[in-house]
Every structure is written in C-alpha cells, then in structure tokens.
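> For this one, chain A is given, so just place chain B on it according to the hints.
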Amino acid sequence: MEWVNAVIQGILLGGVFALFATGLSLAFGIMRLANLAHGTLALLAAFIAYSMVDATGVNPLVALLAVVPIMFVVGYALQRGVLNFTLTGDPLTAILVTFGLAVVIENVLLERYSADARGLDAGSIESASIRVTDDIAIGWFPLMTLAVAVGVLGLLYLLFARTRAGRAFRAISDDRATGRLMGIDDRHYYALAMGIALATVAIAGVFLGIRTTFSPADGNAQLLFGFEAVIIGGLGSLWGTLAGGIVLGVAQTVGAQIEPGWSVLTGHLVFLAVLAVRPHGLFGRALPA
Amino acid sequence: MTRVDDGTTSTGRAPAVEPVAPGEWRIARWTPESRVGVVAALVGLGVLATLPDWGSSSDMATVVEIMALLALAQMWNLLAGFAGLVSIGQQAFIGTGAYALLVLADDHGVDPFVAVWLAALVAAALSVPIGVLAFRLRGGYFAIGTWVIAQVVFLMVTNNTALGGGSGRSLLSLGDYDRITREDYTLYTALVAGAGAVAIVVLVLRSRLGLALRAIRDDEGGARGAGVDVYRARLAVWVIAAGWTGLAGGVIYLQRLNVQPTSAFSVQWTAFMIFIVVIGGLGSTTGPIIGTLVFWILRDQLTDLGEWYLIVLGAIAIVMAILAPKGIYGLLNRIRPFQLFPVQRRLRPRRRVKARSAS
Chain A
1 MEWVNAVIQG ILLGGVFALF ATGLSLAFGI MRLANLAHGT LALLAAFIAY
51 SMVDATGVNP LVALLAVVPI MFVVGYALQR GVLNFTLTGD PLTAILVTFG
101 LAVVIENVLL ERYSADARGL DAGSIESASI RVTDDIAIGW FPLMTLAVAV
151 GVLGLLYLLF ARTRAGRAFR AISDDRATGR LMGIDDRHYY ALAMGIALAT
201 VAIAGVFLGI RTTFSPADGN AQLLFGFEAV IIGGLGSLWG TLAGGIVLGV
251 AQTVGAQIEP GWSVLTGHLV FLAVLAVRPH GLFGRALPA
Chain B
1 MTRVDDGTTS TGRAPAVEPV APGEWRIARW TPESRVGVVA ALVGLGVLAT
51 LPDWGSSSDM ATVVEIMALL ALAQMWNLLA GFAGLVSIGQ QAFIGTGAYA
101 LLVLADDHGV DPFVAVWLAA LVAAALSVPI GVLAFRLRGG YFAIGTWVIA
151 QVVFLMVTNN TALGGGSGRS LLSLGDYDRI TREDYTLYTA LVAGAGAVAI
201 VVLVLRSRLG LALRAIRDDE GGARGAGVDV YRARLAVWVI AAGWTGLAGG
251 VIYLQRLNVQ PTSAFSVQWT AFMIFIVVIG GLGSTTGPII GTLVFWILRD
301 QLTDLGEWYL IVLGAIAIVM AILAPKGIYG LLNRIRPFQL FPVQRRLRPR
351 RRVKARSAS
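Sequences listed follow chains A and B, in order.
Oh and the first sequence: position 131 is 131 in the numbering used here, straight run, nothing missing.
Oh and the second sequence: position 151 is 151 in the numbering used here, straight run, nothing missing.
Check the hints yourself; a few may be wrong.
[To be verified] Taking beta-carbon pairs under 7 Å as the criterion, some of the chain A residues facing chain B (in silico):
1. F85
2. I95
3. V97
4. G100
5. V103
6. N107
7. E111
8. L224
9. L265
10. L275
11. P279
Quick caveat, the hints were computed from the structure, so don't treat them as lab data.
We put the CB at the ideal spot given by N, CA and C, even for glycine.
Isolated chain A (complex conformation) (with noise of 0.2 Å):
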C-alpha cells in the first residue's frame, strides 16, 4: 500500500514539475531558446510573492494574482530588451547570457533575502486532505496543483490552435525569416511567448513556495527538473510535458520510498534512461535540430 501511495503522490508531484516544464518547452518551442535561467526566475516569483505576503498579509495563492503578471512583464521585458539579441543562430550566446542571468538572479536574491529557507504559508489548504483509505490520503493542494498544471496546457493548447496569435507563433517558430515576411512582428511576439513562459513560471514558483521552503540557490534544480520533464515527455509535445512531469515525479517518489536519500538521484537516472532508451521523449516527434 506505502507503494502505492507513493505513486499516488507520485503523480500529484509531477504536477508541479509539469508547471516547471511548460515554460521551458514554450522558449525552446517558439525561439529554440534553452533559457538556463528559468529555474532561478521561477524562485525570483516565489520571492515576489514572499514579499507580498510579508508587507500585506495575503494568501500567496490571491499575491498570485499580482505574481503572474508581473512575471509576464519581465519575461516581455528579457526577451525584448536582451534575450532578442542572442537568437543569432549559434545557441551559444543564448547558453551564456542565460546562465548569466541565472548566476546574476541567484546573487540578487542572495543579496536581499539571504540564504535562510522561507516558505509561503497558504493557510489551511496545505494541510487538508482526501482520505482514501486509511494509508492513502490525497491532500488537496497537491491536487490541486495537478489542476492547474492540466488547465495552464489546456489554456496554452487553445491558445495556439484556435487562435490567431497562436498561429503567429507557430509561424515563426516553423520559420522566422518567412514569418517575418507574412507581417508577423517576430520580435514582439517572441518577447509575448517568453512573457508566458514566465507567467506560467510565477505559478510554478509560487507553488513551489507552498508546497516547500525554497531558498535562492534552489533554482537551478528546478530547471534541472523543468528540462528532464521535457525531454522524458518529448520535446515540441504539450501533453507530452505533463506526462514527463508525472514520470519524473513518480520516479521521485518511488525512489525515496527504497532509500530516503535517492528521491532526487532516481528521477535524474530514469531521465537518463529515457535518454538512453527513447532520445526523442515518451511522445516527441524527433530529436531537435
């Protein structure tokens, strides 16, 4: 039963490392953009929201609500203003700046909130729970998170194939230069998709904060996690992601459960097993270009 409720919480877990992935596939999607920063952006919003919460006492799930537009500002703002300038062709430039960023953003936060683990309280909801039997109990905030992961894709399927946006981004996506020629303002739409990408990143680390004390060094597992989400679920696939994200948190959840100190080291061995085994995902089309 512990075996079965650990793959239970498995897949609740994977929610969050859905969340985690969606923004990393969006970049790498639309502007073949590997931003080595998400992770750390993702606790630059779970930090926003700790300052909320701090100066006016909201539930960080309605500072939510501020987080994920400010988020989107700044995403727009990267792209626009610095990312634009590294989409030469060569994903070099693009690696460093990004990891730039990363060590910049890490350091920032250092700076101002130190290195103590914090966390978000978000009331009763952490705590409450569904028993099942009387070994299984699906807590609600996990499932919840699960929720919102499935909603955000679901947004984002329609957004890019129902609408004319949508169709914007796959166009330069598939090919820029062409795109460009069809009146599509690639540099406003590829700063729109990093703003989304960073949107769905603010609920990634908000939820994070929730869910677990997060400190600024903490980001870059989160990529670490993000990207393993992607690539076991199939690069260029939406639900792919999802699925990714509940492989990667059942490997998790399992592996703790053999040995509490291997949580972590399982997940990165079943990625490298998909890796081995199948290098284009659980559902990708092919290896990327």
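Relative to chain A, chain B alone:
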C-alpha cells in the same frame, strides 16, 4: 578581412597578392608574433618553475590556482569555442579528478603526484559514457543535460559512505611529504597542467582533428559531406577536455587537501570557466590566457563585495557575450590582428624558390 579566430575558417582564401604559379605557395603557420608569443610563454614558464627559490608559499599557491583555472578555461574553450559543445557539467570531471586522486592515493597507496595523472585518465574514461548520453542532446539542451549528469555523479558520490558521504574526506597521503616538497611538486604539476592545456589546444588545432572541428563549426552538414566523422571528432575532443579537466581538478585538491562533494562538484567551477573564456575571448587560444588574468585580478579586487562579486561577474559576462562575443582578444584583434600561437594556416608566396630559379 580581419580574422578574429585563432583557428581560421576551413574555407580560408589566399590573401590577394600578385598571381604566382601554383607550387610557389607555401603554408605558413608561424608569424613574428607567434614566435615571440611561444618564446615568451616558455620563458614565463621557466621563470615560474624557479618560484620555489624566490617566492613565498602564498605566491606559489596563487600560481597553482591560476594555472588550474587556465587549464579549466582552455579545456572549456576547446569544447565551446572549437567543437560547439557548450557544457555546464564540467564540474563532473573536476570532482571525478579530485575523488579519483583521493581513492588512488589514500586507499590504494599510489603516490599522490602519480595518482593525479591516473585521476585524469579516470575522468577521461568516465567522460565516454557521459558523452554518449549527452550527445543525444543539442545546443542549450546539451548544456542542461551535462549539468544533470554532473548532478548524478555528485549524488552518487555524496551518497557513498566510503567516499566520506556529504562531508568528504581529507587527502591524508600527502602527509607523507614535508610541506616544502609538497608545495614544490604541486607547483610543478600545476605548471604542467596549465601550460599543457595551452599546448593541447594548439596541437589539437594543428591536427586533422582540429581541421575537422573547425569544419564542423563552420558548416556541420558540409563537413559531414566532406567525409568528416562528426560524432567521432566531437567525442575525441570531449574526452581530451574531460581528462585534462580532471587533472586540473586533481591539482586543485592537491592544494586544498580536503575534498568535499558540494565544492568539488559545484557548478560554480563551470561558471568560472565560462566567465574566463567569455571575457578573454571564445574560440581563440590566447583568449583564455587573457581571461584567466582578468578573472584573477577582478576576484582579487571584488572579493570584499560578497554576493555583489558574482553579480558583477555575471553582468560583465552577459554584456560581453552580446556586445563583444570574441572577448578582449577579439577587441584587441580589431585594433591589430595578432596570433600568439601558431595555429592558423596562411598562404605565403614561396620567395626562396623564386630567388633560386632566378639565379
């Protein structure tokens, strides 16, 4: 056309001069500056080797650190600047070098100054399976993938009680040496690691492998079409860089004496390599030398700033990467092109031949 790279493009054209019949050209790699550069480097190395006679312990420690950083930066540059392999996981090989040194020297009785070389081989061997896995990813995802793999190595080490777990172990076998001898040997090993790294990059670039790498960098499809085994060329350079990075890791811990997993496998090592190479000049052999010196001076100056030190370094790297992607070396080259090491092939008219035929 000003060539900023040490390694020229594979399609380098002859300079515009009076037409000379074929056969009257020679390929020259040595230039006046590169003669001066190589001689100066050798003289500098010789002077540093006499450091035990006139320098203090802390001078020697400084030189060891600079040489280790130079080796790390040269190897990272070989990967990123010439082979298009941007790794954020080089700390895997630093840690492997450090721990292999520890195990060989303390558990198996190998002399530490021999073990540090064997540790380099261990790091090179480990890099083969790592490369096979990571090469399935490209560009930015390759970078993150190498980072994940470095974390895997870290977690395996830190969960291993024989290796001292999370708190690590001390290099006890170095106690067999008295302090003076130990410091001298560490310095010599560091000098070989630093100078050797430069020599390796120069030799690789002059070799067939170097030509293949630059062909791949300029046009991967074209290189494949011309018969370059892209995978093998990349794996070869990956293994070379991993081995020498492992050696540098061993040198660092010969000096630190205490191997801790969080510091040996810290991503900060790779951050330093990136900073040095980006500041000095990516894709050139001279750049990392300039970068190492600038980095060391900056760190000396900014060390009181706490977190601000890394914020400043990160900000400089971002600005340089966008505005001056070839670093300080690239900027200097805009003023006057120069090559400190003979890696670039140029066509020169064969004057002596002409003189002989005229007589």
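> Against each hint, give a clear statement of whether it holds in the structure.
A quick look at each hint next to the structure:
1. F85: 5 Å, holds
2. I95: Since chain B brings a Cβ to about 5 Å from I95(A), closer than 7 Å, the hint holds.
3. V97: 5 Å, holds
4. G100: This hint holds: G100(A) lies near chain B, its Cβ roughly 4 Å from the closest one there, short of 7 Å.
5. V103: 4 Å, holds
6. N107: N107(A) check passes; min Cβ-Cβ to chain B is 4 Å, inside 7 Å.
7. E111: 4 Å, holds
8. L224: At 5 Å from the nearest chain B Cβ, L224(A) passes the 7 Å test, so the hint holds.
9. L265: 4 Å, holds
10. L275: Holds: closest Cβ of chain B sits about 6 Å from L275(A), inside 7 Å.
11. P279: Constraint on P279(A) satisfied, holds at 4 Å.
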